[in-house]
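*Asks:* Can you build the whole structure from these sequences, using the hints too?
Chains as they are written, first to last, in this note's numbering: chain R, 329 to 1106; chain C, 80 to 239; chain F, 272 to 563.
Calculated directly from the structure, the hints in this document are not laboratory data.
Keep in mind that this is a model prediction, so the values were computed, not measured.
No false leads were slipped in.
Cut-off 25 Å, straight-line C-alpha distance, at most; resulting in silico cross-link-like pairs (SDA-like, lysine to any residue):
{"hint": "1", "chain 1": "R", "residue 1": "LYS1102", "chain 2": "F", "residue 2": "THR533"}
{"hint": "2", "chain 1": "F", "residue 1": "LYS443", "chain 2": "F", "residue 2": "ALA420"}
{"hint": "3", "chain 1": "R", "residue 1": "LYS777", "chain 2": "F", "residue 2": "GLY542"}
{"hint": "4", "chain 1": "C", "residue 1": "LYS206", "chain 2": "R", "residue 2": "ILE966"}
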Amino acid sequence: MGARNVGAVVKRVEDPRFVTGHGRYTDDIVLPGMLEMAFVRSSEAHAVVKSLDTSAARAVPGVVAVWTIADLGAIAQKPMVQSYPSPAIKQNFTQHPLAKDEVCYVGEAIAVVIAQNRYIAEDAAHLVTVDYESLPHAIDVREAARADAIPAHRGAQSNIAATVAWKFGDAAGAIARAPHVIRETYRQHRGAPHSIEGRGVIAQHEPAADQLTLWSSTQSPFLVRRYLAQYLEREEAGIRVIAPDVGGGFGPKAGHYPEELVAALVAMKLGRPVKWIEDRREHFLTTTQQRDQWWDVEVACEPNGKVLALRAKCIHDNGAYLPYGLLLCMTSIVPFPGPYAIPAVEVTLDCVFTNAVPTSPIRGAGRPCAAFIMERTMDSVARTLGLDRADVRRANFVRRDQFPYETGGRLPTGVTIQYDSGDYAACLDMVMKSSAYTAFEAKRAQAAKSGRWIGMGIASYNEDTGLPPYEGATVKVLPSGRISVELGSCSQGQGLETIVAQIAADQFDVDPEKVIVKTGDTAISAIALSTVGSRVAATAGPSVHLAATQVRDKALRLAALQLEAAEQDLEITRGAVHIKGVAERKVTLGELAKRLVSNVNVPLPNGFTPGLEATAYHTPERPVYANGSNVAQAEVDIETGAVTLLDYRVAHDCGTLINPMLVEGQIVGGVVHGIGNALYEHMKYDPDSGQPVTTNFGDYLLPIATEIPPIRLEHMESPSPLNPLGVKGAGEGGTIPGIACIVSAVEDALKPLGVKLNEYPLSPERLLELIDEKRSAK
Amino acid sequence: MSDRRTIEVTVNGVRHTREVETRLTLGDFLRHELGLTGTHIGCEHGVCGACTIHLDGAAARSCILFAVQAHGCEITTVEGLAKSDGTLHAVQQAFRDHHGLQCGFCTPGMQMTITAFLAENSSPSEKEVREAISGNLCRCTGYQGIVAAALDAAQKLRGA
Amino acid sequence: MKPAPFKYHDPRSVKDLVGLLASLENAKLLAGGQSLGPMLNFRYLMPDHLIDLNRIAELAYIRPGADTLEIGAMTRQRTLEHSQEVQRTCPVLVEALHSVGHIATRNRGTIGGSLSHLDPAAELPGVCALHDAMLTVAGPNGTRSIAMAEWGVSFMTPNLEPNEVLTGVTLKAWREPHGYAFVELARRQGDFAMAGVGCLVALDGNSKVRRIALSLIGVTTTPVRLSAAEKLLTGSDLAGEAIKAAAAEIGALEALDDAHATGTYRKRLAGVMLGRAIGRAAERARMQGSRQ
Ligand code: FES
Ligand code: FES
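*Replies:* Encoded structure:
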């Protein structure tokens, strides 16, 4: 028996329930006596709520209650708990579960209606009249960052939540001395997550046991429990949070939200279960968004393209509140200098409050932003020095013989940043080959003859994945002989159940489909944190492996006793332990498990603890670094500015592949998210009113199937030395370089005109404007 | 003042008679009155396609139809695709074979869109498949596995 | 996002429908529901009465005449797309339909709904303008006919009284051999056009324009015929200069600004679409000619 499942294309164990419509998402759960909630939300970007009239709403038949913050009790008068507090925060604002008197973005919850069903709840919410006193708002982040800016929060001295800096080496010195210094300004744009299932929560309280249970469409049941316990001043033991099937997360479902708190408080107060299902309008208005940043970048380099230093300043639009502390800001600056060996980096970031939807990480967190800066920088170095873009990257890559490579920087925790393994140049070579990179100029010339403008883009990245400190796992052999795996972590579509089944199955030579997997429930004993940052495969995965190995060892030890053989003479085949080469001399795992659960007055075998099971934690000290290079081809319609994507190639390395099919799915999905950011998704706010204007799927454009080119993938495997499986994460590896790669391709298509693209999204209208500028200058 | 009507609909071959409020959407009717929660609600404004069902054989979005409009109609939902012995429909099997789903939330709508499409066009090109699913949003897969699944299912259905 | 309550009516005949319209206040007509449904769910509209036209069988038909194509208001877009008669008499309608939403929305969406909703970027009103359509409207005083040119009153407002309903539309088919095209630019497949141009063109033996029709969508508040351009191009050989001159008419139009595109950009696009539509239509016209 060997590892037959890890590394193989194994069909997903979760699919049968999903393809038949038998998944169980939050809105599919119905509890007896359950009520539904709808929220009255701010229609103003910034205002004081002077008064509220709920009388008409309360009179609607079927309405049970209409509550404001005053009705939620003394405990709910404080602001919400911040997920990642930091001493660097100078001004701290988190939201109240319902607005106290000031509202700071359109969509902020002001009151809650609890009714027989959602239709009635919305009828009533519509009848609540709110008397606002409008306040001036801050919506343009660059204006908001100024010392004399209109404050996004009444009475605040400025809008700067924090200024964070991150540096190593002597960037200033290098810039002063370098033969070439390139200066550019970049703009990145906010987008919204848009998992197709929105957020949602059900809360139930059993007064007899004082037990609170939440079903939440979340990426982090354990964190939701933690923050609920803190806020509600209860023991975690009295709270259970369950993530049922979750219809996509992409980051914003990792946080905790006002609606979860309100649901819990309402359920406790009314003594009846309540449900709230976010609708798409609410998703636009209230689920955290990400990526609005302005960057000023200075790069020092040598004539051969070798980059000596990068110094940058970033203004980061944080939106109205800081639910997530500075995590997003830090992930925008710590990834520098990406896959490159650059001796000096100095990045400063101002985290700025505005009256927009609060922000938190979305697929890649700050990393796609940092990669955009790094990759646009590599292109600008090539452009300025007249070098090939791939050559510039190769000249700067961390070399294969440099691993483990210390960048010179330290993580905010103080641990040195160390890239564990990889071969960045080889990965680039792979994608150049598959995309016929060197043949492109001939192709461009050919296309130009028929009036077509085509271009090729390139982007490389690396990514810290498998973030510390742990995701626990319990592996059990049940008395029936079936294997079960229990994880506190949960999946939002990544296929976690399948990969942990594969990992466990290998230890017992069983079919992964037969492994029972339970996830996403704080009632599970193995503790967990959060499915974010491409970390679960490389944290929970090794934990499952460790636990399964311990169980296997225990089984062998007991079997040796029962079969009167030496352990090393035993092997496990199809779920039974037998003497090597003698299949009949066996004992099944089920029999061994039964022996270890034993019965009253039947002692356990000498030296054995009860249960054929183990809980284990892989506890890495530092992340493992995935990497890759992408090449895209795009065509620009020079008369309209419309972009058509022609081809997209990826070569990437996320260490040992557990299931190549699932990794491919993660990467392709991530690339398409990047395509959305680069070309389509634009969350517009009206500067005069502060109102968000693209709040439906007709105005806010997600990428659709017709706009996506074929995406072809090649895997490289540089196992990580830092975990027993050698795995690294892949969930964000498509998005991180994706935006930069598309923008690079479009810029390249317009190379004959000299158009420079330092921004996204690239709407046809904006592109035409840039094309016109160059044409009229000629 | 709720306005109510009695409707009779056949869903996945089963006749149902229910009194409903006239403003109840067909999607909510299927999910909450009949408990057929495989039909998902992703946008409630007719764009994401997650709620797609077959109304008298044609793909339609159940979030912008009212249940009363389905009176006298035959509806098929994702729960009606597999055979009663549990054998998956070729499209469902192909979704699994080609990793055409991740979180599964868009999946029922995608499958209903594709089954209706393949009934009209049994040997589509990749471009035609992409057009056919262009009214269905998926945030997870990047569509590639879905397109592969549809093409494979088309082939299997032709062969069968 | 649940609709507010309303009283639902589902008349079975135009007569009953007209009767309901005469007696009900604040009523909305439900055709395919692909635009109205979202507006009800968002509560942008909260009518007291909803009158469902879907059970009026007499409103769904396609009747080709000698020089005409009569279409009932409740004819589904998908039915038109698949109709041999439509393909034969007004192929530009089929071409335009490929850009209308997606299969599932075309399965429900109707031509009458599209004409009555009158989104400035909708394709079908543009095709009706191109084919000099006559619209039939029923009301308390019987029926009346309105030319497509008179149909759009202002932004999303057709020439229709609250107690009237559009029952059908008659497109004038071109008898002479001609080329056709409907060309638009939308952000993605199936989105509303930022600008789109429909073109019908018949050429004479010298490849000069004998007759041409041009309509524009997505730019002005209602679809328009570009009659000055048509006049300029009649008799021309459709050379670059002639098209350029024709496109100049677009510059004078007052264009829409919204989240998707500014008016300036829309007009610029319209010029490009005009050239492309004429190009494709003329090519088809030439192929027709060479086949004869
Ligand atoms: S829920 Fe019906 S189309 Fe999105
Ligand atoms: S699989 Fe998650 S939205 Fe499609």
